[in-house]
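**Student:** If you want the building blocks of each chain, they are given just below.
Number of protein chains: 6
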Amino acid sequence: MSKGVMHFDVGEQVELYLLIKSSTKGVASNGKPFLTLILQDQSGEIEAKLWDAKQEDEQTYSAQGIVKIAGDIHHYRGRNQLKIKNIRPLQDHESFDVSDFLETAPLKKDEMMDTITQYIFEMKNPNIQRITRNLVKEHQQALLEYPAATKNHHEFVSGLAYHVVSMLKLAKSIAALYPSLDTDLLYAGVILHDLGKVTELSGPISTTYTVEGNLLGHISIMVNEIAQAAKELDIDSEEVVILQHLILSHHGKAEWGSPKPPMIKEAEILHYIDNLDAKMNMLDRALERVKPGEFSERVFALENRSFYKPVFHK
Amino acid sequence: MSKGVMHFDVGEQVELYLLIKSSTKGVASNGKPFLTLILQDQSGEIEAKLWDAKQEDEQTYSAQGIVKIAGDIHHYRGRNQLKIKNIRPLQDHESFDVSDFLETAPLKKDEMMDTITQYIFEMKNPNIQRITRNLVKEHQQALLEYPAATKNHHEFVSGLAYHVVSMLKLAKSIAALYPSLDTDLLYAGVILHDLGKVTELSGPISTTYTVEGNLLGHISIMVNEIAQAAKELDIDSEEVVILQHLILSHHGKAEWGSPKPPMIKEAEILHYIDNLDAKMNMLDRALERVKPGEFSERVFALENRSFYKPVFHK
Amino acid sequence: MSKGVMHFDVGEQVELYLLIKSSTKGVASNGKPFLTLILQDQSGEIEAKLWDAKQEDEQTYSAQGIVKIAGDIHHYRGRNQLKIKNIRPLQDHESFDVSDFLETAPLKKDEMMDTITQYIFEMKNPNIQRITRNLVKEHQQALLEYPAATKNHHEFVSGLAYHVVSMLKLAKSIAALYPSLDTDLLYAGVILHDLGKVTELSGPISTTYTVEGNLLGHISIMVNEIAQAAKELDIDSEEVVILQHLILSHHGKAEWGSPKPPMIKEAEILHYIDNLDAKMNMLDRALERVKPGEFSERVFALENRSFYKPVFHK
Amino acid sequence: MSKGVMHFDVGEQVELYLLIKSSTKGVASNGKPFLTLILQDQSGEIEAKLWDAKQEDEQTYSAQGIVKIAGDIHHYRGRNQLKIKNIRPLQDHESFDVSDFLETAPLKKDEMMDTITQYIFEMKNPNIQRITRNLVKEHQQALLEYPAATKNHHEFVSGLAYHVVSMLKLAKSIAALYPSLDTDLLYAGVILHDLGKVTELSGPISTTYTVEGNLLGHISIMVNEIAQAAKELDIDSEEVVILQHLILSHHGKAEWGSPKPPMIKEAEILHYIDNLDAKMNMLDRALERVKPGEFSERVFALENRSFYKPVFHK
Amino acid sequence: MSKGVMHFDVGEQVELYLLIKSSTKGVASNGKPFLTLILQDQSGEIEAKLWDAKQEDEQTYSAQGIVKIAGDIHHYRGRNQLKIKNIRPLQDHESFDVSDFLETAPLKKDEMMDTITQYIFEMKNPNIQRITRNLVKEHQQALLEYPAATKNHHEFVSGLAYHVVSMLKLAKSIAALYPSLDTDLLYAGVILHDLGKVTELSGPISTTYTVEGNLLGHISIMVNEIAQAAKELDIDSEEVVILQHLILSHHGKAEWGSPKPPMIKEAEILHYIDNLDAKMNMLDRALERVKPGEFSERVFALENRSFYKPVFHK
Amino acid sequence: MSKGVMHFDVGEQVELYLLIKSSTKGVASNGKPFLTLILQDQSGEIEAKLWDAKQEDEQTYSAQGIVKIAGDIHHYRGRNQLKIKNIRPLQDHESFDVSDFLETAPLKKDEMMDTITQYIFEMKNPNIQRITRNLVKEHQQALLEYPAATKNHHEFVSGLAYHVVSMLKLAKSIAALYPSLDTDLLYAGVILHDLGKVTELSGPISTTYTVEGNLLGHISIMVNEIAQAAKELDIDSEEVVILQHLILSHHGKAEWGSPKPPMIKEAEILHYIDNLDAKMNMLDRALERVKPGEFSERVFALENRSFYKPVFHK
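In order, the protein sequences belong to chains Y, U, D, Z, F and R. Numbers given in the numbering used here equal positions in the first sequence, counted from 1, plus 230. Numbers given in the numbering used here equal positions in the second sequence, counted from 1, plus 230. Numbers given in the numbering used here equal positions in the third sequence, counted from 1, plus 230. Numbers given in the numbering used here equal positions in the fourth sequence, counted from 1, plus 230. Numbers given in the numbering used here equal positions in the fifth sequence, counted from 1, plus 230. Numbers given in the numbering used here equal positions in the sixth sequence, counted from 1, plus 230.
Keep in mind the hints are simulated off the structure, nothing from the lab. Any given hint could turn out to be false.
If several chains are the same, the list does not tell them apart, and a pair holds so long as it fits within one copy or across any two.
Calculated lysine-lysine pairs in the DSS-like style (CA-CA distance at most 30 Å, straight line) [stated by the list, open to error]:
| # | residue 1 | residue 2 |
| --- | --- | --- |
| 1 | K367 | K402 |
| 2 | K255 | K521 |
| 3 | K521 | K509 |
| 4 | K339 | K402 |
| 5 | K233 | K509 |
| 6 | K315 | K284 |
| 7 | K367 | K381 |
| 8 | K461 | K338 |
| 9 | K381 | K251 |
| 10 | K255 | K461 |
| 11 | K367 | K315 |
| 12 | K544 | K399 |
| 13 | K399 | K354 |
| 14 | K251 | K402 |
| 15 | K367 | K338 |
| 16 | K521 | K354 |
| 17 | K521 | K367 |
| 18 | K251 | K315 |
| 19 | K338 | K233 |
Full structure from sequences and hints, please.
**Tutor:** Here it is in structure tokens:
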């Protein structure tokens, strides 16, 4: 799949296969129904309006369908929009897979799994190692496929594993500089901190929150699972409470969803590593299409700030 | 045990057996060591200073010992103090039990257990009923002996059970007026909401926080135990998540320690019932020794407010 | 009046008499004027757009007019909308009264008045009783007709009296469990706490704020009226200040509009009872059309939360 | 009375008549009682300890008594203290009046009354004028004697009137620059804004809050009195509500005790003028004993800031 | 230029020359492009939509162009809109200057410069005087042309100088009442406090933030310039730091952009004078078209309040 | 100097040379003066009281003097205290240097200077390199001697350079993982971010704030110096503003003293690196004397949290 939809400039003609991420019906001010389509390929997503939608269009152009579309790129309220000239559903002879259209982590699943396995292998405390290995094994497939969030950062296929792998490397670098840190705790904390998201979220495509995710949240879900894993593995030492505390406190403050603040050195640092990797991800994405001498769009999860790319950056 | 230490007025002579709640060593400004004793009987507690303490006094007058003491009551910085004239440890022929000196809930343990059992019996949903019964059974003795907190409200022996019983009656009255409420959920929420305190706190005497209590907190502890109970009872329906949510959200807001706010009608009302009973307990205690036309001491947990007793109240 | 406008599902045909709650003119993106009508009957309210509105339509379809309308129900941005096929004003032979279209408290005015009178009758303190009776008498008709608010809770005809009656029952139940409460103060506080709203608000239909309501607010208005009533009745005892304090403090905190926080036990509990009844009203309304296993719309006045109806609730 | 107690430097010998502002008993670490005396004359106040106080001393040296005292000035925790060498109560032949020892506004009562009368006289709106005059007349004596607060600013005899007079002059200057301001409203707001303090506070000496002051506050008290004055004067026009609003909103925000924020131009400016005069008073007092190149003590009511006096200020 | 665009009422016919302040392209719900034009003359600004805009229209009707327009005034969402009947660009024979259409301070540049010069002349401290004069001289032209902000207050041509002149007069009045104030510091603070805006903002027309303005802000810019001016003038006394502190702290609090709070008396008062003049400007503008007995539009920078004009104000 | 004062346990006899960090006079409750001495050696600091201090003692035992002291270690209010048995000033034949008693960074000055020089050498952008080198050169000696703060973190001799060196290594590690980061900006930001502290603080011993430090703060001081350095070096490109922005925003938020939040990717990461190194320093110091299974003292700058050392950590 050649040039992605995000790489076209305003005014350019587009002819592309795209995945419908969502489709919402509205009524235009002339009283006729229309569809707001969010279309995506691996380069990102774009909005398009299908005016004068017929009854059957709502069915034909619903979420997770693939379409062939021709049109051109407009600029509307600070964002690009695709103005549809022609749209049709996939025909029988055209074969695409949904995954062809989804943004995906820049590392292969195997690679990421190898890295995680290696870090678990390096742990010295057998209790921490066994609990971590047990939980990774139980959720291995989901860990490798789920995004790390529905929006803001690492919101792409395999985003969760990618976030974990980046954080592991960060943890290793930092622990090399501050040798008082317990790498077993740090690595286990990194690997497990968001693993509850495989229960909190619905899956890698059109991700939403599950009922359990809404009512309990990934933190409490994983705290529970650590207790259960420890019980199954017949581990009853302080490592269990410490691991639960690492997960419980990794949002840093009560008002950010951690009922207890970090009270272990590694818990405090885990919170920092998580934040740092999330911020780098957001910053890189915010700035990737910004030209030197210009400001990015506002980034909601970074206190709605806009970031500047210095002129001397090329 | 006749007149309690809290019922003496400033200037009165005191001769009493008292329990040492805590004993802290200090050095006076003349360079000599002294002990600050917090002494208690069922009427409440009072501070006393033992000046010029000898080496062995620290041993003799340590926490949880019982002493016979003579002295008089002074007023110091807005509080009464006992000025020691004579103090000695219990002698062999004098037999007292620690429990004779502890403030205790105004209801008998049996009575409270009967009430709780009765409310469980009235539940109609078997899953909710079985999980609740299972957890009450597991922690029955502690539930009947522990305080509900180390300070602020219901901080006395059996305070936890007494708080639960008051809340159950309140829940019943309120549900009678708003029939859309699910009493099974409300009663189970009331009974379990603070049950994690039997793990969070050290016990009914000289209560402190355990390591697990500090690192996880009673909310996460009980959410875990509900999961475990459900597993043992082989219950895998939505009631489990709903009960966990009731516990998780009963502090009402993230900044008050609930990682999720109430998202079930009964969770919202549980939070209210908990608050209302705690406040009534604090208000009654703050006002019990205040004369009409006067203000109470400031109550820290009620935003440091002082409460007025109207002149026409007697 | 058979099936109400809120009971139709998306896609259904509608033919109904409806009251115009408000009518606002706009200009469509084709440059032609249109009207946004909020239409209501006793089941609730719905939005409709009248496209290509003529000059005279603005007159014909203005607030408080009654219309016959045919159309069908659409879903737009998470809410139902009525798409107009046909609309005409009421004809001469058709007789309806505005009150036929207004949502109204589920209790009759007489019943509510009887209840309030009964609670006043039960008061033992003659000063409290006389002031309360005097003010109820002065505003009796408005008390029975006004809503308790323009939105959020009890925002329907007779909502104020209905809120008072529910709170009185709640006050009685709670006082039965905590006998230290002074029921005279509690009942008087309940009856008077929002009575200033009959001056703050414009009336039961198309309710807005009066200038006096905006500049002073119902709390200060009623504190003034208590002073005036006491003067007329020649009462000059502490009960007057205490009643004023109950009203003044019933929002609980300065930032919620109470210049003084509760400093009387009954003032604190009055604030709680007010909150509890308002929340139950909002929760019941938010959940009444939600199916088991689904979440409600977000409720602004409950911190914008969405509430879940458990699957096992039916 | 020659050199005041605040004008002595550390190390100097003192022999002075002083008024006891407050006297509090304590028990020293050697077990003997002592009195903490706050002593004052017109120059300010100073703390002194009377060690080894006898039973009768508590009586002899109680608040509002006058004493002759000899001692020297020490520095303790950032404040001066008077170390007592000799103390005795006033003897029969020595005649002093309490007022000789109280700090007092720098203007005479007559002067201040004249100024206030003159500003009332200049008002053009008869309703505003009559209500203002009526209330000033009713409270004239207290207005001229009360402080404007128990601490922070203008906490001296006649502080209230002095604050009003300063604000009137400020109001006049500002209105000269912004002619759209209604000076009638501004002057009336200035004169009445704190007049409720004559009911809220106990009087000019050893000032405390009255019960009514605690439960209602000076804002609600004055809003009531405006209503009553208007009734007596048979005024029923919008001026009454506007005047009440000026008083109600003069603290600027709900969290600062104003149940409504300013919604009239003059109300906003009144809040500013009040603040500006209070701040100037606090700043001048904080800096009056500070030498160029040094920082003042921290001023609690100015967010605990410390203020610097530039070296080039002499 | 006769009657300004803001002085027409809803329904009136308009035929006027107007300046295009901004022009933004959109796509209407019928799929056709349109332009949203903000048009202005000295009376203020108004929105207009140009439907069915052709390719070349975007060019023809871009920002800072002047047009002749005919249409009528509509009311839309609480604001007036101009409905275009006819629009054309300026023709060759028609000669207008951009400045003819811009709202401008009510004082002449010369007058304002004279006032500022006079206040500098009155300064007694030569260091303060020389630094102030030096910086005013350097930025004189911009000081006389720039607005004081892009929105909220004094957002018109010469708004900066006008704000300074008003504040100088206010400073003089206030210092007359509180003679302990150092007028040199106060006047220098007033003149320099916002002078960094001539670097922070782009200029008097279609004002935006410069990169330096965004990244440093006018406070840090001016603090730097004071250092540089002092160096050039070879002044190395405490006045430099004090002047820098006045600028640095004039927003009053860290959260309002002042890294240090005021720690000099004159810094605190400068903050107040700045606020007072800005508020008067906003209040006057908010109320200038409001009729007695009505409320103004909400004013964002005044905590979104709406202001009432009393009935007795004419 | 053998065993440091911080390494003695409660009850042990001490005989040591110590530096007086501060000496404060008080009056004991028996009316006699005493001195509170803060004594230090390289292991840390301890409090001691010198009772019954004579006139000349205040002179003899003042700050920055060295004493020989004998006594024993007590525990008082959660901290160790030294109870003095014998104290005398240094005698002529005893030769010590103040620096022998000061806690100092664990790296040599030369080493640290080499590291910093090396990082500057690696910079590729000549403008950034020259400005950084110029400012380091100007303040080289102070940079190598000053602490990074008066308390909380790196509050020891050479703490500033040590903090910079740790952050440089951290910056390098992180930039290796996120290659989009501009290391020139990051290194320059690290080196300059706190360099203003050499003007803000008084020096390495008994560190306090200078007047300039109080009124301007190290952030504004360094922003000024960058401007001045650029001017001297005749650099007028965007790098200057960007470097100033890095310093200006490195506290992250307005309420933490940064008038602008980070708006450059490297500014955001600089803030993180600063925080991370400060926190590691505080955590290590808080935990260094804590035994496994115990909690540390509360750390004020870490939201007053107490940190737990797991039992399995040794």
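**Student:** Since the copies are identical, ignore which copy is meant and state whether K315 and K284 lie within 30 Å (CA to CA) inside a copy, between copies, both or neither.
**Tutor:** Classified as both: same-chain Cα gap 16 Å, cross-chain 18 Å, threshold 30 Å.
**Student:** Between copies, within a copy, both or neither: which fits K251 and K402 at Cα up to 30 Å?
**Tutor:** This pair counts as neither: shortest intra-copy Cα distance 37 Å, inter-copy 40 Å.
**Student:** Evaluate K399 and K354 at a C-alpha cut-off of 30 Å and name the case that applies: within, between, both or neither.
**Tutor:** both (18 Å within a copy, 26 Å between copies)
**Student:** Is the C-alpha distance from K461 to K338 at most 30 Å within one copy, between copies, in both cases, or in neither?
**Tutor:** Neither way: K461 and K338 sit 33 Å apart in one copy and 36 Å across, limit 30 Å.
**Student:** First find the shortest C-alpha distance between K251 and K315 inside one copy, then the shortest across copies, and answer within, between, both or neither for a cut-off of 30 Å.
**Tutor:** Answer is within; shortest intra-copy Cα gap is 19 Å, inter-copy 33 Å.
**Student:** My question is about K339 and K402: at a cut-off of 30 Å on alpha-carbon distance, are they close within one copy, between copies, both, or neither?
**Tutor:** Answer is both: 21 Å inside a copy and 28 Å across each meet the 30 Å cutoff.
**Student:** Classify it for me, K521 with K354: is the Cα-Cα distance of at most 30 Å met within a copy, between copies, both or neither?
**Tutor:** Between. Shortest inter-copy distance 21 Å satisfies the 30 Å Cα cut-off; intra-copy 47 Å does not.
**Student:** Can you give me the call for K381 and K251, within, between, both or neither, at a CA distance of at most 30 Å?
**Tutor:** within (14 Å within a copy, 36 Å between copies)
**Student:** 30 Å Cα cut-off: does K521 pair with K509 within a copy, between copies, both or neither?
**Tutor:** Within one copy, since 20 Å is at most 30 Å while 35 Å is not.
**Student:** Regarding K367 and K315, is the shortest C-alpha distance of 30 Å or less found within a copy, between copies, in both, or in neither?
**Tutor:** Neither: 48 Å inside a chain and 60 Å across chains, both beyond 30 Å.
**Student:** From the Cα coordinates, with 30 Å as the cut-off, is the pair K233 and K509 best called within, between, both, or neither?
**Tutor:** within (28 Å within a copy, 46 Å between copies)
**Student:** Please work out whether the CA atoms of K338 and K233 approach to 30 Å or closer within one copy, between two copies, in both situations, or in neither?
**Tutor:** within (22 Å within a copy, 56 Å between copies)
Consistency note: the structure conflicts with the earlier hints numbered 8, 10, 11, 14 and 17.
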